[in-house]
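S.K.: Which chain is which? The protein sequence lines are A and B, in order. Numbered per our numbering, the first sequence finishes at 223, counting up by one with no gaps. Numbered per our numbering, the second sequence finishes at 223, counting up by one with no gaps.
Hint data in this document are derived by calculation from the structure and do not stem from the laboratory. This list has only true hints and no planted wrong ones.
Note that the list lumps identical chains together, so a pair holds whenever it fits in one copy or between two copies.
Simulated crosslink set (DMTMM-like; lysine to aspartate or glutamate; CA at most 25 Å straight-line):
#1 LYS162 <-> ASP57
#2 LYS144 <-> ASP75
#3 LYS162 <-> GLU97
#4 LYS144 <-> ASP117
#5 LYS144 <-> ASP121
#6 LYS162 <-> GLU31
#7 LYS162 <-> ASP26
#8 LYS162 <-> ASP43
From a predicted model like this one, the values you see are computed outputs, not experimental measurements.
Read off the chains here:
There are 2 protein chains.
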Amino acid sequence: MVDSLTDRTRVRRLSDKASYERSALDQLLDEALVAHVGIVDTDQPFVLPMGCARRGDDVILHGSSGSRLMRRLADGAAACATVTVLDGLVYARSAFESSMNYRSALILGCARGLHGDDELDALRTLSDQLLPGRWDDIRPPTTKERAATITVALPLEEWSMKVSTGAPEDDPDDLDTEPWRSIWAGHVPVHLARSNPIADDHVPTGVAAPSYLTHHRSRSANH
Amino acid sequence: MVDSLTDRTRVRRLSDKASYERSALDQLLDEALVAHVGIVDTDQPFVLPMGCARRGDDVILHGSSGSRLMRRLADGAAACATVTVLDGLVYARSAFESSMNYRSALILGCARGLHGDDELDALRTLSDQLLPGRWDDIRPPTTKERAATITVALPLEEWSMKVSTGAPEDDPDDLDTEPWRSIWAGHVPVHLARSNPIADDHVPTGVAAPSYLTHHRSRSANH
Chain A
1 MVDSLTDRTR VRRLSDKASY ERSALDQLLD EALVAHVGIV DTDQPFVLPM GCARRGDDVI
61 LHGSSGSRLM RRLADGAAAC ATVTVLDGLV YARSAFESSM NYRSALILGC ARGLHGDDEL
121 DALRTLSDQL LPGRWDDIRP PTTKERAATI TVALPLEEWS MKVSTGAPED DPDDLDTEPW
181 RSIWAGHVPV HLARSNPIAD DHVPTGVAAP SYLTHHRSRS ANH
Chain B
1 MVDSLTDRTR VRRLSDKASY ERSALDQLLD EALVAHVGIV DTDQPFVLPM GCARRGDDVI
61 LHGSSGSRLM RRLADGAAAC ATVTVLDGLV YARSAFESSM NYRSALILGC ARGLHGDDEL
121 DALRTLSDQL LPGRWDDIRP PTTKERAATI TVALPLEEWS MKVSTGAPED DPDDLDTEPW
181 RSIWAGHVPV HLARSNPIAD DHVPTGVAAP SYLTHHRSRS ANH
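Pulled out of the complex, with its shape left as it was, chain A reads as follows (with noise of 0.2 Å):
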């Protein structure tokens, strides 16, 4: 997507891995359970994570109202998102070479703070990207939780996206070479895996896990 190119976000290095199909940055955020949302407070950058979710062209995020750089996020201070997914470990046959497999987007923007039907629509957004299923079985905000929460939308305008997949990019020297030609050289896909779930002490007695955990969608469950 040619309109997020700016001098600001283009990757410099590595640029054979950068890659800037908006239908990539999508399924990445789609995916993704955790931002690294980065806001400068009297020349010092401070980095919160935070969950995470795709709305159109915005992303969403939300934390505590009491948090002085949740405020500053809503006023539109200058802000940077970042969301990576790891994907693989790689093993080269050179120090150098060897690295990790990833997916990770790099937003920069100012936020806007949602209101009324809009925040609550986002934060339905998130709990479907976070726990897929769960919003229509539990209790939703009340006025008091509400104003306890700041749910945010960056917009996705300027931004982009590395992504490095598969097999090592070994120095073709290092292919004819004893011992490293000799050695084993790839990669280990990693992803995230969920265990079973864990009732809490209150779920009475026949109340089963709710199909929605017990059917994961390929989605969330692949990573």
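Guided by the hints, dock chain B onto chain A, whose structure is given.
M.R.: Positioned in the frame of chain A, the structure of chain B alone reads:
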């Protein structure tokens, strides 16, 4: 660790989740693979994912010497490295208490660039954390490769940590009120799982994956 507490890193919100034990910080840093590092450039925060490892009282990070942000980091610009491990999904009875279990450390400070044997030792530390057992098998970095790499140490002096574990913390009213009291609630542990190693096309016939790939160390296998 009281030394680590400053006004900038004291956890103001959800302070029951704040954890200040240095041993808990070390355990997280020894297990994590990725840090999200925030740096400011002309008032704009940038957050970059980087492989990370702990060496004593430092977090080791590295990147390309062609990256302006890496050069700023090595020059001692104010930085924030945030390390997060996702441990579970929390299915509460209300939207407000629905959340995730995680451990996250926020480390503020100024990194220092590493050089010579000290840098080589730090690169080995990174390799040992990200790819345990691999270093002795692979070609060490050349002088040219070393020049293309910036390796830094960020001291563990000013930091804070948040930890969320276990079952939902529901509002007591929800435990007594239908229909919420009758629904399933609890948590789903998650962990980073490894698939089988995939050899690249250059591995000679008969060369098997090394034992450090087929017998995971529990530290790395569990997260």
